[in-house]
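Protein chains in written order, with the working numbering: chain D, 294 to 502; chain C, 26 to 235.
Be careful, since some hints might not be right.
Claimed, not checked - For lysine-lysine, the following PhoX-like pairs were computed, each having C-alpha atoms within a straight-line distance of at most 25 angstroms: (1) K225(C) - K130(C); (2) K69(C) - K426(D); (3) K426(D) - K131(C); (4) K130(C) - K433(D); (5) K491(D) - K479(D); (6) K130(C) - K106(C); (7) K212(C) - K338(D); (8) K225(C) - K368(D); (9) K69(C) - K106(C); (10) K152(C) - K426(D); (11) K85(C) - K63(C); (12) K160(C) - K122(C); (13) K479(D) - K433(D); (14) K426(D) - K167(C); (15) K212(C) - K28(C); (16) K436(D) - K85(C).
Please keep in mind that the hints were generated in silico from the structure rather than gathered at the bench.
Spelled out from the first residue to the last, the chains are:
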Amino acid sequence: SIMPSYKLTYFDGRARAEVARQILYLADIPFEDVRISLHDWPSLKSTTPFGQMPLLEVDGQSLPQSFAIFRYLAKQFGFSGDSPFESAWVDALADQHADYFREILPVLLTIWGFTQGDRMALVKEVATPARDKYFPLLEKIAKDNGLNGHFVGDSLTWVDLLIAEHVGSINQHLPGFLSAYPSVIKTVNKITSTPRLKEWIEKRKETTF
Amino acid sequence: MPKYTLHYFDMRGLGELCRQIFALAEVDFEDKRYDMEKEWPAFKSQTPFRQLPVLEVDGKFIPQLYAHCRMLATEHGFAGKTPFDAAWVDAIADQHKDFYWGDFKKFWWRALDAAEGDLVHEELKTKFGIPERDKFFPLIEKQLTETGTGFLVGDSVTWADLLISEHVSVIVRVVPGFLDAFPETKKHAEKIRTIPQIAKWIERRPVTAH
Numbered sequence: 294s295i296m297p298s299y300k301l302t303y304f305d306g307r308a309r310a311e312v313a314r315q316i317l318y319l320a321d322i323p324f325e326d327v328r329i330s331l332h333d334w335p336s337l338k339s340t341t342p343f344g345q346m347p348l349l350e351v352d353g354q355s356l357p358q359s360f361a362i363f364r365y366l367a368k369q370f371g372f373s374g375d376s377p378f379e380s381a382w383v384d385a386l387a388d389q390h391a392d393y394f395r396e397i398l399p400v401l402l403t404i405w406g407f408t409q410g411d412r413m414a415l416v417k418e419v420a421t422p423a424r425d426k427y428f429p430l431l432e433k434i435a436k437d438n439g440l441n442g443h444f445v446g447d448s449l450t451w452v453d454l455l456i457a458e459h460v461g462s463i464n465q466h467l468p469g470f471l472s473a474y475p476s477v478i479k480t481v482n483k484i485t486s487t488p489r490l491k492e493w494i495e496k497r498k499e500t501t502f
Numbered sequence: 026m027p028k029y030t031l032h033y034f035d036m037r038g039l040g041e042l043c044r045q046i047f048a049l050a051e052v053d054f055e056d057k058r059y060d061m062e063k064e065w066p067a068f069k070s071q072t073p074f075r076q077l078p079v080l081e082v083d084g085k086f087i088p089q090l091y092a093h094c095r096m097l098a099t100e101h102g103f104a105g106k107t108p109f110d111a112a113w114v115d116a117i118a119d120q121h122k123d124f125y126w127g128d129f130k131k132f133w134w135r136a137l138d139a140a141e142g143d144l145v146h147e148e149l150k151t152k153f154g155i156p157e158r159d160k161f162f163p164l165i166e167k168q169l170t171e172t173g174t175g176f177l178v179g180d181s182v183t184w185a186d187l188l189i190s191e192h193v194s195v196i197v198r199v200v201p202g203f204l205d206a207f208p209e210t211k212k213h214a215e216k217i218r219t220i221p222q223i224a225k226w227i228e229r230r231p232v233t234a235h
């Protein structure tokens with residue numbers, strides 16, 4: 294049978310698209326990796342279903358919303374857990390992560406240079422409490438899962454990629470910020486040493502976000 | 026059939042979607058409701074993410090409402106008929122989540138407190154309610170117009186229909202006229218609530234302020 298064509302469109306960065314790129318690369322699926330500059334985005338916006346990116350096109354059919362994209366690709370290519378219960382837990386952890394990410398996003402936008410702000414104050418007043426609410430739960434999840442290199446189950450899932458990408462971003466800009474969570478760090482290190490993922494990370498273009 | 030218990034507060038809130046999926050699927054479940062002051066503190070430490078709702082399936086917990094709702098809906102045929110349709114259900118649900126928990130919240134939570142017909146803060150409505158409404162609901166109108174089936178995705182009811190119609194029905198009650206510019210959205214909410222299993226649930230569910 295003929296493989297569908299995959300096209301992923303996003304800004305020139307990792308942020309909300311990187312997990313999709315990683316799933317496709319891990320599955321050895323060719324895809325068009327389109328990156329739109331901030332300058333070109335406004336004129337493209339109205340051509341997308343929700344006026345947002347990332348956008349996945351599968352044989353020309355559009356799909357918006359990053360988690361919908363990640364989950365769709367993960368299901369297609371075997372990165373969504375080994376049972377319905379496990380898939381639900383992958384989803385649950387991803388949504389919990391997204392809740393934390395929503396809180397910390399204003400800090401990241403300043404760090405990435407998209408907004409003006411007092412970086413130190415934001416880290417202290419916004420990022421730190423958000424971290425302290427979420428990462429202890431994640432630390433426990435990593436331990437309860439047997440420190441097997443995954444956050445859910447015993448095979449690579451898209452929530453592993455999601456969390457590993459975020460931890461990498463944090464380490465890039467706020468080194469030491471997550472040093473109180475050794476089980477999380479250990480799990481992330483195991484995830485990123487998955488051979489094909491390691492290869493992608495090593496050869497990808499370096500971006501601020 | 027597994028034994029299901031939904032753990033949530035005594036309100037519709039974030040628990041209603043799961044209850045409606047059970048109703049639609051005609052699956053029994055224990056509808057456990059916690060008093061926020063008297064009972065929740067003791068149960069909190071037993072929940073995976075210290076939050077409700079939590080779905081218990083044969084003694085095991087699944088937190089995060091979209092996660093357990095998706096699982097239930099998928100099992101009973103209310104998550105879209107193809108993988109791509111299922112992804113579109115997810116996309117609409119997440120777009121609604123972004124809308125609901127973004128700036129709209131600043132208006133909506135005040136509006137809910139005034140649910141008994143009191144004055145809504147006009148400033149919040151102008152600053153947050155209206156702009157956020159006008160970014161989100163055109164997408165729903167467009168989606169309904171494009172499918173032409175009366176459903177948000179494909180030609181059958183999905184959990185996205187339940188999610189959107191429930192919120193719309195509350196908006197219509199709490200802020201009359203607020204969605205008048207979105208006729209397909211209003212029609213959709215009314216229609217979903219006439220699905221026999223949903224109508225029956227709405228009739229018999231506990232009446233709570235939220």
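_Earlier hints that do not hold, by number_ = 1, 4, 6, 7, 8, 9, 10, 14 and 15
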